[in-house]
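Given only the sequences and the hints, what does the whole structure look like? Please build it.
Given next are the chains, with one letter for each unit.
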Amino acid sequence: MSDLRRSMLFVPGFRPGMLQNSSIYGADSIIFDLEDSVAVTEKDAARVLVRNILQELDFSGIEMVVRINPVTDSPFGEEDVAEIAGVRPDAFMLPKADEEGIRVLADMLDEIEQKEGFEQESIKIFALVESTSAVLNLCSIAKASTRLAGIMLGAEDLTAELGIKRTLQGNELLYARSHLAMVCKSAGIDAIDTPFGDVEDREGLEYDASQAKSLGLTGKAAIHPRQVGTINRLFSPSPEEVIYAGKVVAAVREAEKEGKGVLALDGKMVDAPVAARAEKVLKQAKLAGIEV
Amino acid sequence: MRNVLGRELPERIAGYGEVRPFAGAFAHAGEINRKAVKVKGDWSSPNKVLNSLGEALEKCGLKDGMTVSFHHHLRNGDYVLNMVLDEIARQGIKDIKVAASSIFPIHQPLVRHMENGVVTGLYAGYISGPVGEAVSQGVLKNPVVMQTHGGRARAIESGELHIDVAFIAAPTCDEYGNMNGLEGPSACGVLTYPAADAEYADKVIAVTDNLVLYPACPIEITQEQVDYVVEVDSIGDSAGIVSGTTRITSDPAGLKIAESAAQVIKASGLLMDGFSFQTGAGGTSLAVAAYVKEMMKEKNIQGSFAAGGITEYMVEMLEEGFFRTLFDGQCFDLKAVESLRKNKNHQRMSMSMYGNPCNKGAVVNKLDVMILGATEVDLDFNVNVTTNSNGLLMGGSGGHSDTAAGATLAVVVTKLIRKRFPIVVDSVTTVTTPGETVDVLVTERGIAVNPLRQDVLEKVKKAGLPVKTIEELKEIAEKLTGVPEKVEFKDKVVAVIEYRDGTVIDVVRQL
Numbered sequence: 000m001s002d003l004r005r006s007m008l009f010v011p012g013f014r015p016g017m018l019q020n021s022s023i024y025g026a027d028s029i030i031f032d033l034e035d036s037v038a039v040t041e042k043d044a045a046r047v048l049v050r051n052i053l054q055e056l057d058f059s060g061i062e063m064v065v066r067i068n069p070v071t072d073s074p075f076g077e078e079d080v081a082e083i084a085g086v087r088p089d090a091f092m093l094p095k096a097d098e099e100g101i102r103v104l105a106d107m108l109d110e111i112e113q114k115e116g117f118e119q120e121s122i123k124i125f126a127l128v129e130s131t132s133a134v135l136n137l138c139s140i141a142k143a144s145t146r147l148a149g150i151m152l153g154a155e156d157l158t159a160e161l162g163i164k165r166t167l168q169g170n171e172l173l174y175a176r177s178h179l180a181m182v183c184k185s186a187g188i189d190a191i192d193t194p195f196g197d198v199e200d201r202e203g204l205e206y207d208a209s210q211a212k213s214l215g216l217t218g219k220a221a222i223h224p225r226q227v228g229t230i231n232r233l234f235s236p237s238p239e240e241v242i243y244a245g246k247v248v249a250a251v252r253e254a255e256k257e258g259k260g261v262l263a264l265d266g267k268m269v270d271a272p273v274a275a276r277a278e279k280v281l282k283q284a285k286l287a288g289i290e291v
Numbered sequence: 000m001r002n003v004l005g006r007e008l009p010e011r012i013a014g015y016g017e018v019r020p021f022a023g024a025f026a027h028a029g030e031i032n033r034k035a036v037k038v039k040g041d042w043s044s045p046n047k048v049l050n051s052l053g054e055a056l057e058k059c060g061l062k063d064g065m066t067v068s069f070h071h072h073l074r075n076g077d078y079v080l081n082m083v084l085d086e087i088a089r090q091g092i093k094d095i096k097v098a099a100s101s102i103f104p105i106h107q108p109l110v111r112h113m114e115n116g117v118v119t120g121l122y123a124g125y126i127s128g129p130v131g132e133a134v135s136q137g138v139l140k141n142p143v144v145m146q147t148h149g150g151r152a153r154a155i156e157s158g159e160l161h162i163d164v165a166f167i168a169a170p171t172c173d174e175y176g177n178m179n180g181l182e183g184p185s186a187c188g189v190l191t192y193p194a195a196d197a198e199y200a201d202k203v204i205a206v207t208d209n210l211v212l213y214p215a216c217p218i219e220i221t222q223e224q225v226d227y228v229v230e231v232d233s234i235g236d237s238a239g240i241v242s243g244t245t246r247i248t249s250d251p252a253g254l255k256i257a258e259s260a261a262q263v264i265k266a267s268g269l270l271m272d273g274f275s276f277q278t279g280a281g282g283t284s285l286a287v288a289a290y291v292k293e294m295m296k297e298k299n300i301q302g303s304f305a306a307g308g309i310t311e312y313m314v315e316m317l318e319e320g321f322f323r324t325l326f327d328g329q330c331f332d333l334k335a336v337e338s339l340r341k342n343k344n345h346q347r348m349s350m351s352m353y354g355n356p357c358n359k360g361a362v363v364n365k366l367d368v369m370i371l372g373a374t375e376v377d378l379d380f381n382v383n384v385t386t387n388s389n390g391l392l393m394g395g396s397g398g399h400s401d402t403a404a405g406a407t408l409a410v411v412v413t414k415l416i417r418k419r420f421p422i423v424v425d426s427v428t429t430v431t432t433p434g435e436t437v438d439v440l441v442t443e444r445g446i447a448v449n450p451l452r453q454d455v456l457e458k459v460k461k462a463g464l465p466v467k468t469i470e471e472l473k474e475i476a477e478k479l480t481g482v483p484e485k486v487e488f489k490d491k492v493v494a495v496i497e498y499r500d501g502t503v504i505d506v507v508r509q510l
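Heads up: the sequence lines are chains E and R, in that order. With numbering that gives the first Met the number 0 applied, the first sequence corresponds to residues 0 to 291, in that order. With numbering that gives the first Met the number 0 applied, the second sequence corresponds to residues 0 to 510, in that order.
Because the hints were derived from the structure by calculation, they are not lab data. Every residue gets a Cβ at the ideal spot worked out from N, C-alpha and C, and that includes glycine. There could be a bad hint or two in this list.
Unchecked claim - With a straight-line Cα cutoff of 25 Å, these simulated SDA-like cross-link-like pairs (lysine to any residue) come out: (1) R:K418 <-> R:K461; (2) R:K39 <-> R:S157; (3) R:K414 <-> E:I52; (4) R:K418 <-> E:Q19; (5) R:K478 <-> E:L48; (6) R:K39 <-> R:K265; (7) R:K467 <-> E:F58; (8) R:K478 <-> E:P74; (9) R:K414 <-> E:V198; (10) R:K461 <-> E:E240; (11) R:K485 <-> R:F420; (12) R:K265 <-> E:R225; (13) E:K282 <-> E:D265; (14) R:K343 <-> R:N364; (15) R:K93 <-> R:G40; (16) R:K58 <-> R:D201; (17) R:K298 <-> E:S237; (18) R:K467 <-> E:R232; (19) R:K467 <-> E:S59; (20) R:K418 <-> E:E41.
To be verified - Some chain E residues flagged as far from chain R (calculated, every beta-carbon gap over 10 Å): (21) Y24; (22) D57; (23) D89; (24) E110; (25) Q113; (26) V134; (27) E155; (28) G162; (29) R165; (30) L167; (31) G169; (32) S177; (33) G187; (34) Y206; (35) K246; (36) A274.
See the structure below:
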């Protein structure tokens with residue numbers, strides 16, 4: 000598992016073939032879903048299937064997340080955690096997240112980790128925010144638990160609540176995305192964009208993901224393996240960015256050696272924020288397997 | 000005895016004869032003598048049309064022990080093979096050898112003729128359905144001889160496979176025997192499989208449901224080779240003639256394999272102007288074509304030809320200028336038939352021209368890249384497309400071995416696990432195509448390059464593709480599936496697998 004979360008691929012928790020093959024598409028994170036994609040009558044079977052697959056198969060190098068059912072107003076969420084925490088997924092994703100839900104889940108995990116002898120806070124939490132109140136409370140949600148590794152936007156429920164349609168342009172998500180990017184950046188966690196629904200529309204996905212990236216989101220959910228490649232490419236540093244960052248870092252090192260405080264590259268001043276950004280681009284590129 | 004691949008073979012097989020063991024893919028390529036055909040001129044009538052199949056059998060002097068041949072352009076819609084064998088049975092003729100270019104599920108009535116001794120021998124390039132099951136159960140008296148498309152043409156040309164009477168299903172035919180496959184209710188496109196049959200059989204009978212005025216136009220199989228014409232109500236079911244497998248897969252694992260295969264092709268350096276390419280009609284194989292097309296567009300490349308069974312997708316690539324020409328051995332859908340009718344760059348090739356190792360140059364020799372399927376691949380890269388993992392006869396080479404031997408880069412695409420079976424195994428159940436002619440294996444869980452192709456290995460690695468050894472792929476598969484138990488066979492040989500040069504690469508035994 001790396002720290003890179005460009006793409007997070009949802010896989011329905013009751014489909015053995017899809018669960019088994021989920022590791023082959025290059026997603027940075029895989030989310031086995033026990034919530035919306037699993038019918039109420041199949042919840043128990045899916046839970047056992049997901050537990051066994053996590054236990055038996057080798058997913059090394061990939062972050063394994065399980066989206067559970069809500070823990071506060073559903074009878075299933077608590078049972079999901081009880082069944083699966085023992086096989087130590089990298090994280091749980093909490094749908095319809097609010098502060099209370101995150102605290103409840105974190106307390107459950109505290110207890111299980113202690114009982115099982117796992118390292119404390121080794122199981123992370125992702126919050127899926129899907130309501131207007133959650134978007135407005137993002138600052139509190141981001142601070143609800145130190146287990147929180149990132150927050151994902153769930154735009155379908157959000158736009159339904161607002162009574163508006165999702166569009167290809169995505170103006171209706173401008174505020175939620177921008178706010179999410181700011182809050183997550185300030186909390187030092189990842190901001191993951193909502194999935195793009197039309198798996199056949201590759202251009203639409205390209206546009207939608209570019210919009211999210213341009214607002215500062217760090218990754219995007221995928222609901223079909225075919226979306227993973229595009230998302231990974233868009234959320235990786237571009238070849239131009241990598242080349243420029245390489246030049247900046249080399250120039251900074253050179254300046255340090257010569258004891259110069261300020262330097263210019265191609266006629267532009269390189270100051271501390273520019274240098275820091277270049278270092279980050281190179282680190283991300285390395286994680287993404289791009290030659291630096 | 001064992002052949003060069005270590006497969007255990009009898010020295011002599013009852014009903015087949017002496018076994019010439021496979022000695023390497025290129026050990027026997029070379030000289031043959033083409034058979035001389037005895038032709039008896041007949042000026043008695045300007046019209047070759049007979050009243051019935053029964054009359055045709057009598058005129059040809061068909062008798063016990065003879066060999067009759069059929070083509071499979073009508074695929075799973077073919078009525079002609081069943082019709083002719085029923086008539087043979089009705090006349091009380093026995094011990095017939097059937098030399099069909101392939102056998103489909105529609106040929107189920109053949110099983111009955113095998114059981115009652117009307118048919119005692121069978122030659123085919125591919126067998127699917129009930130006939131394969133019956134053969135595996137030992138129903139046929141003599142072993143089936145499985146040939147490659149090119150190997151069948153070679154065997155007929157050399158006289159190794161002597162055809163007494165060839166029955167050619169003709170979607171269009173005139174009264175003097177000129178045929179084409181382009182028109183009529185059972186239009187199937189090219190008539191390439193029966194080209195050698197028409198030329199070398201002692202007697203040739205056209206069976207048609209679209210008798211037209213002389214001369215038919217265009218003409219693919221010509222009058223000087225044809226003895227008689229029989230008109231019947233219908234030669235086939237058009238719904239079965241068109242293949243059902245010509246859509247690009249939407250299965251994400253299949254698409255992942257196809258994308259990786261296309262990246263291997265790109266890495267090989269063969270993707271340049273003049274590029275030549277063949278792929279199967281299965282969903283994953285077609286998806287490789289789609290990815291290759293994107294790369295050709297990106298690099299502004301025009302290929303020289305695409306070959307093989309032609310589908311709508313390949314027709315579109317021709318029409319959009321991605322290839323200068325098509326070499327068509329079989330039309331898989333009506334779009335291909337239509338293209339053949341109107342586009343001069345859509346060309347025919349006989350099976351000898353396509354894949355015969357003993358002629359003056361086959362099309363497969365000019366292939367840059369061939370995309371192949373597999374039901375099993377072993378650690379030596381030998382491929383099985385003849386039997387399934389339960390040992391049942393359900394396929395055959397067709398052009399598999401011919402194209403693998405000819406192409407510069409032969410790429411096998413397959414899922415690593417299918418129906419809970421690992422596809423990479425220690426040793427394949429049946430060898431169809433020898434590993435020395437297979438260059439790369441592409442699966443959803445990694446790519447393995449044949450160690451004989453260090454040049455390809457270097458290029459694929461340099462391109463950053465996920466290369467594994469074939470042993471590693473086997474280990475990954477077995478981690479998920481466990482190691483399946485070996486299939487238990489009886490002693491009786493039910494099929495002899497001939498390599499394209501006529502040597503025996505393997506045998507299939509009774510289940």
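Going down the list of hints, with the structure as the test:
1. R:K418 <-> R:K461: violated (34 Å)
2. R:K39 <-> R:S157: Within the cut-off at roughly 20 Å; holds.
3. R:K414 <-> E:I52: holds (20 Å)
4. R:K418 <-> E:Q19: It holds: about 13 Å lies between the C-alpha atoms, which stays within 25 Å.
5. R:K478 <-> E:L48: Given pair R:K478, E:L48 holds - Cα atoms ~18 Å apart, limit 25 Å.
6. R:K39 <-> R:K265: violated (55 Å)
7. R:K467 <-> E:F58: holds (17 Å)
8. R:K478 <-> E:P74: violated (36 Å)
9. R:K414 <-> E:V198: holds (23 Å)
10. R:K461 <-> E:E240: OK: R:K461 and E:E240 at ~23 Å, within 25 Å.
11. R:K485 <-> R:F420: holds (12 Å)
12. R:K265 <-> E:R225: At roughly 20 Å apart (the allowed maximum being 25 Å), E:R225 and R:K265 satisfy the hint.
13. E:K282 <-> E:D265: Holds: E:K282 and E:D265 sit about 23 Å apart, inside 25 Å.
14. R:K343 <-> R:N364: Distance of about 23 Å is within 25 Å: holds.
15. R:K93 <-> R:G40: violated (29 Å)
16. R:K58 <-> R:D201: Given that 25 Å is the threshold and the Cα spacing comes to 12 Å, the pair holds.
17. R:K298 <-> E:S237: At roughly 21 Å apart (the allowed maximum being 25 Å), E:S237 and R:K298 satisfy the hint.
18. R:K467 <-> E:R232: holds (24 Å)
19. R:K467 <-> E:S59: Holds: R:K467 and E:S59 sit about 16 Å apart, inside 25 Å.
20. R:K418 <-> E:E41: holds (24 Å)
21. Y24: E:Y24 not clear of chain R: closest Cβ-Cβ about 6 Å, inside 10 Å.
22. D57: violated (7 Å)
23. D89: holds (21 Å)
24. E110: Given that every Cβ of chain R is farther than 10 Å from that of E:E110, nearest at about 34 Å, it holds.
25. Q113: holds (33 Å)
26. V134: Per Cβ check, E:V134 is outside 10 Å of chain R; nearest 32 Å; holds.
27. E155: holds (22 Å)
28. G162: holds (34 Å)
29. R165: At about 24 Å from chain R, E:R165 clears the 10 Å cut-off, so the statement holds.
30. L167: Its Cβ never comes within 10 Å of chain R, the nearest being 23 Å, so this holds.
31. G169: With a cut-off of 10 Å, E:G169 remains clear of chain R, as the shortest Cβ separation is near 25 Å.
32. S177: holds (32 Å)
33. G187: E:G187 clear of chain R: closest Cβ-Cβ about 32 Å, beyond 10 Å.
34. Y206: holds (19 Å)
35. K246: Per Cβ check, E:K246 is outside 10 Å of chain R; nearest 23 Å; holds.
36. A274: Non-interface label stands for E:A274: nearest chain R Cβ at 29 Å, farther than 10 Å.
Consistency note: the structure conflicts with the earlier hints numbered 1, 6, 8, 15, 21, 22.
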